[in-house]
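Protein chains: 4
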Amino acid sequence: NVVPGSEEALSTPDVRGPDFRGDLDIGELLETYATTGFQATHLAEAIDIAERMQAEDATVYLTFTSNIVSSGLRETVASLVREGYVDVLITTSGSLTEDIIKTAKPFKMGEWDADEAELREKGINRLGNIYVPSDRYVWLEEFLYDFFDDFFAEKKVRTPTAFAREVGETLDDEDSVLKQAADNDVPVYCPALTDAEVGNFLYYYRQGYDSEIGIEILDDYDSLIEDGLLAGKTGLIAVGGGVPKHHAIMTNLFRGGADYAIYISTGMEGDGSLSGAPPNEAVSWGKIKDETETNYTQVEAEATLVFPLLVAGAFA
Amino acid sequence: NVVPGSEEALSTPDVRGPDFRGDLDIGELLETYATTGFQATHLAEAIDIAERMQAEDATVYLTFTSNIVSSGLRETVASLVREGYVDVLITTSGSLTEDIIKTAKPFKMGEWDADEAELREKGINRLGNIYVPSDRYVWLEEFLYDFFDDFFAEKKVRTPTAFAREVGETLDDEDSVLKQAADNDVPVYCPALTDAEVGNFLYYYRQGYDSEIGIEILDDYDSLIEDGLLAGKTGLIAVGGGVPKHHAIMTNLFRGGADYAIYISTGMEGDGSLSGAPPNEAVSWGKIKDETETNYTQVEAEATLVFPLLVAGAFA
Amino acid sequence: NVVPGSEEALSTPDVRGPDFRGDLDIGELLETYATTGFQATHLAEAIDIAERMQAEDATVYLTFTSNIVSSGLRETVASLVREGYVDVLITTSGSLTEDIIKTAKPFKMGEWDADEAELREKGINRLGNIYVPSDRYVWLEEFLYDFFDDFFAEKKVRTPTAFAREVGETLDDEDSVLKQAADNDVPVYCPALTDAEVGNFLYYYRQGYDSEIGIEILDDYDSLIEDGLLAGKTGLIAVGGGVPKHHAIMTNLFRGGADYAIYISTGMEGDGSLSGAPPNEAVSWGKIKDETETNYTQVEAEATLVFPLLVAGAFA
Amino acid sequence: NVVPGSEEALSTPDVRGPDFRGDLDIGELLETYATTGFQATHLAEAIDIAERMQAEDATVYLTFTSNIVSSGLRETVASLVREGYVDVLITTSGSLTEDIIKTAKPFKMGEWDADEAELREKGINRLGNIYVPSDRYVWLEEFLYDFFDDFFAEKKVRTPTAFAREVGETLDDEDSVLKQAADNDVPVYCPALTDAEVGNFLYYYRQGYDSEIGIEILDDYDSLIEDGLLAGKTGLIAVGGGVPKHHAIMTNLFRGGADYAIYISTGMEGDGSLSGAPPNEAVSWGKIKDETETNYTQVEAEATLVFPLLVAGAFA
Ligand SMILES: NC(=O)c1ccc[n+]([C@@H]2O[C@H](COP(=O)([O-])OP(=O)(O)OC[C@H]3O[C@@H](n4cnc5c(N)ncnc54)[C@H](O)[C@@H]3O)[C@@H](O)[C@H]2O)c1
Ligand SMILES: NC(=O)c1ccc[n+]([C@@H]2O[C@H](COP(=O)([O-])OP(=O)(O)OC[C@H]3O[C@@H](n4cnc5c(N)ncnc54)[C@H](O)[C@@H]3O)[C@@H](O)[C@H]2O)c1
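Residue numbers (my numbering), protein chains in the order written: chain A, 10 to 325; chain B, 10 to 325; chain C, 10 to 325; chain D, 10 to 325.
Note that these hints are calculated values from the structure, not bench results.
Heads up, some of the hints might be wrong.
Said to hold, decoys possible - Computed cross-link-like contacts, SDA-like style, restricted to lysine to any residue with a CA-CA straight-line distance of at most 25 Å:
#1 A:LYS165 <-> A:LYS117
#2 C:LYS131 <-> D:THR301
#3 B:LYS114 <-> C:ASP23
#4 B:LYS117 <-> C:SER20
#5 A:LYS117 <-> D:GLU163
The task is simple: from the sequences and hints, build the whole structure.
As structure tokens, this is what we get:
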């Protein structure tokens with residue numbers, strides 16, 4: 010008979026992490042994460058779930074905040090689209106703005122604690138530890154005005170997905186998220202298209218050139234819901250929170266919940282925010298399905314540290 | 010001559026907090042926060058800045074995430090509009106959805122670690138430690154269909170601010186944010202109007218009743234920019250981050266930056282997110298002005314704990 | 010019969026927060042927190058639990074990290090001891106060091122983002138947004154050497170509680186935690202007494218004056234366990250985490266768990282740390298009792314914001 | 010002449026992350042982190058600094074919280090000691106307790122949201138998502154009583170480092186931190202030795218067998234200071250905060266500051282805690298040196314995710 014509190018009562022694996030005896034490749038190192046505990050275990054779960062999304066040919070939604078594109082994860086996102094691993098992108102307007110800029114001019118490494126006054130004098134905008142010199146926006150203005158001439162020529166009122174697709178088609182950079190999305194027929198949803206410099210230049214263009222232009226958002230919402238309704242299985246990978254994450258889970262409600270979900274987030278559960286809400290909160294709403302086998306997980310981490318590992322482990 | 014490291018070198022106040030000798034009213038207690046250090050000092054700064062916003066008759070932007078309306082801070086936001094302390098509201102779609110519901114049916118207190126399966130069976134949706142029974146959405150559907158009939162009757166393509174204003178006019182609840190906003194002529198901006206149940210019912214209505222309806226967002230962006238351009242001074246109070254916070258700082262760029270800014274946030278600076286970015290990052294972009302006197306601060310805290318204190322200290 | 014998802018299924022209160030109609034005193038404002046949701050509800054729970062600790066005449070353990078004494082919460086802690094609300098203090102060595110200094114020379118308000126090189130030149134040490142000029146430590150050295158002469162005269166090997174008590178007896182400042190503790194016969198536990206400037210001056214004293222002195226820690230651990238064993242009911246208030254928090258819950262294990270527990274913490278659950286572990290983790294170990302009525306809660310917040318509110322609500 | 014806001018003003022690298030074209034080994038992947046931005050850049054900096062610690066043959070202090078040993082990082086820490094990469098260990102008492110247990114019986118993988126009542130019934134203690142069946146402590150009791158008989162035989166009052174060394178010598182497990190430390194002559198500092206089950210069994214032993222035993226902590230503090238004074242260069246790797254982190258920086262003050270420092274932490278700067286304080290705060294105190302080349306960095310992350318990467322990048 011089993012003594013209370015002895016290991017016989019437990020069929021789970023032993024906790025045991027990497028001991029660095031012998032050489033490890035990335036895959037082997039990440040395998041040790043499964044039994045390391047805390048967040049490492051969640052990352053290993055995320056890799057496992059992402060592999061199951063692929064095995065079942067799920068429609069994969071990748072949602073991400075704008076700063077992902079500010080960072081070097083832009084190239085990583087583009088690679089997933091390029092290789093056909095993701096089917097739907099949802100993001101915010103800064104992503105579109107900055108992906109376009111980066112096709113022409115790079116962002117530069119910077120410092121968190123820079124002297125803000127000095128930066129302003131030099132015309133350098135700071136985004137965490139990344140610098141964006143102001144001439145990027147001068148270039149963008151010209152680029153977008155040219156593009157808007159065509160974009161609003163055929164029709165005065167357009168959608169965010171049409172903007173993303175048509176601008177993506179004009180871009181000449183294999184590391185561009187928008188270009189890869191356009192080439193691979195992956196829609197890019199972005200309901201709050203005004204909320205970044207793209208919006209600012211839409212404002213100026215509307216004031217200066219054509220007061221009748223508009224951006225309509227119900228059409229895209231219909232399509233996004235249909236994407237979910239038509240899918241066999243769906244899997245979500247939410248890198249960060251906000252509107253993109255919620256847009257994905259809310260529209261998966263129409264199909265009875267996402268089959269798989271991976272969140273990578275620095276959000277705090279205790280503030281009651283959507284961004285901080287863990288996957289199980291979405292279960293009570295029917296936004297994520299509740300299965301016997303683990304079909305969702307959350308890695309509490311800043312994405313630049315772990316998203317490349319998820320890709321290396323599950324998609325490369 | 011001054012010994013290095015002696016206090017003579019410093020003209021700042023002594024650190025000293027509440028000693029609970031004698032009775033304190035709220036105002037007196039909050040005054041002790043100024044010299045308590047860490048975040049207490051930031052809250053005292055926030056109160057001071059909010060008072061200066063009022064003294065200079067600044068146009069005050071209040072931005073907030075949807076969960077603020079899920080929580081009891083809904084009544085607090087409504088009170089600020091009611092008393093004329095704020096001039097522009099920017100939020101996300103969950104706020105609109107839930108403010109409407111609450112005019113008819115309350116949300117209920119719940120538990121963070123509830124059994125999700127059991128909740129689903131009972132038809133209860135969980136939002137942190139708040140419960141939303143499903144019948145709220147049944148009620149909302151009927152309410153909104155009625156409203157949409159009128160709303161889209163005059164014009165097929167409408168704006169989020171028009172939605173907020175016209176729905177607000179129909180509501181009969183003095184604690185409603187939308188009702189107070191409509192009554193006091195305070196615009197409610199919400200670019201990503203689709204991203205909540207309001208969006209879902211727009212989808213159903215469009216599918217079932219009128220395929221030509223639309224929500225256009227450039228018009229509102231123009232108005233929001235004009236609000237800033239026409240203002241003498243502007244002051245921002247950002248409760249939480251996301252699109253609402255960025256919408257406020259981005260559009261203040263057009264006028265050379267906000268004169269005052271208060272952030273209340275649980276965001277993490279080190280993830281490079283907009284939600285976590287402290288006010289000084291906005292200075293490098295010209296979104297907030299850089300003054301010699303302190304004109305911005307951030308309180309790192311969950312809003313339900315400190316927003317009522319800010320209101321009690323500066324606005325009551 | 011009850012429709013699934015209707016409010017009939019729920020007997021919990023409505024979510025409703027402060028509406029700022031009419032004047033509110035602190036107590037009334039804090040009462041509205043109970044139904045505001047998220048962390049506000051936890052603060053209201055904490056106040057309720059602290060009142061029950063008092064009603065049942067529990068032995069109250071107050072544990073706190075050193076930075077609490079760096080901040081203005083020093084005066085708040087001293088007030089609780091002065092008024093007889095707490096019975097056992099557990100802290101770290103920085104608290105003892107800084108409480109002594111403050112009886113002679115204040116800390117000064119400072120800036121988080123000060124120029125560190127400039128501060129060093131001026132002999133100013135930075136502790137968050139608090140400055141400690143170096144002359145404080147010059148003063149402390151002399152003070153402690155005098156004290157050590159007496160302290161180690163009677164016996165070469167002493168305990169941290171003896172240090173705290175005997176030094177407290179010499180202090181002349183009604184806002185001193187150590188003085189109030191000595192006067193009110195409240196023990197101050199601090200196992201890692203070396204880990205602050207007190208430890209540094211013990212090192213110098215030992216090197217320079219008496220190589221046989223020592224600090225022994227088992228004796229104190231015995232007393233702390235006995236404090237718990239002899240108590241009728243026990244209640245914990247843990248302000249921050251670390252050794253003080255764990256020392257309290259670990260020693261309450263000997264009596265079958267603490268009857269009440271309130272945590273105030275910024276720690277993160279997901280890192281598996283003791284500092285971030287919520288009260289329910291302690292239940293599985295038997296460190297906190299599991300009752301039907303809520304007997305523990307955690308407020309996720311920086312302490313300077315909420316600890317004065319807890320005191321104002323429950324103890325003033 | 011340079012146009013303001015153009016990239017000519019900036020000599021920093023372009024932001025660019027992993028694009029997953031072609032195969033990457035761990036080292037190559039981590040190299041892409043340098044220009045990915047946000048925390049990834051900090052991890053790349055940490056690897057670079059750790060390599061410079063080795064190149065200059067610095068005395069390397071590794072400090073870690075107890076939960077590191079609860080997790081699979083125990084094996085990783087042991088590997089660094091085994092391979093001679095670290096010279097001084099500083100930790101808390103849970104590490105010693107659990108390292109000893111794991112030489113005989115493993116910890117098991119578990120669930121964060123387990124039913125605490127059920128766990129208690131089964132005699133399973135939960136530590137995040139790790140389970141520790143109670144029989145581990147039954148085994149430990151017997152083991153320690155045997156050990157104490159010898160340990161206190163020669164002398165009644167001992168030190169934490171002596172405990173660690175002598176217990177380490179008896180252990181038979183190549184993955185044990187204490188065993189590797191004993192074998193490789195690496196001291197293990199732990200001032201608050203009472204604050205875990207080792208302390209509990211010291212209490213029982215003292216009550217039951219020998220009331221004269223004691224643990225003295227000044228002697229160890231002397232040695233730790235001397236370790237720093239005798240070192241050519243010093244480098245700190247602080248995994249988590251608390252007493253271990255502070256013990257390392259405080260004692261490096263005696264030598265004018267650590268030459269290199271790497272922090273891995275989930276702490277929050279804004280709470281004014283020692284655990285959350287970034288390396289530059291230590292610079293104002295002279296605890297870390299200020300150099301022109303980057304000699305310190307902090308990775309804001311849960312350690313199980315990134316510590317193995319630091320080891321793989323810099324030490325393997
Ligand atoms: N009740 C809801 O939260 C709800 C309901 C329906 C739809 N949605 C939708 O989800 C999407 C994302 O929500 P969001 O953009 O409103 O914000 P969010 O919940 O994603 O929060 C954004 C950030 O604000 C900060 N924050 C949030 N709550 C806070 C608090 N209590 N205290 C301090 N800081 C806080 C956090 O840093 C957070 O990361 C929106 O489109 C919204 O319409 C939300
Ligand atoms: N002023 C100082 O902080 C100071 C001075 C000298 C020595 N030290 C030494 O540093 C070591 C580590 O310090 P510690 O153990 O006192 O704690 P700590 O500062 O390391 O904090 C431990 C945890 O408590 C929580 N916490 C801290 N401050 C908080 C706050 N304001 N609000 C809410 N939660 C908070 C956080 O989760 C944190 O991780 C100790 O040995 C101490 O003696 C500290």
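Hints, one by one, checked against the model:
no.	hint	in the structure
1	A:LYS165 <-> A:LYS117	violated (36 Å)
2	C:LYS131 <-> D:THR301	holds (20 Å)
3	B:LYS114 <-> C:ASP23	holds (9 Å)
4	B:LYS117 <-> C:SER20	holds (8 Å)
5	A:LYS117 <-> D:GLU163	violated (63 Å)
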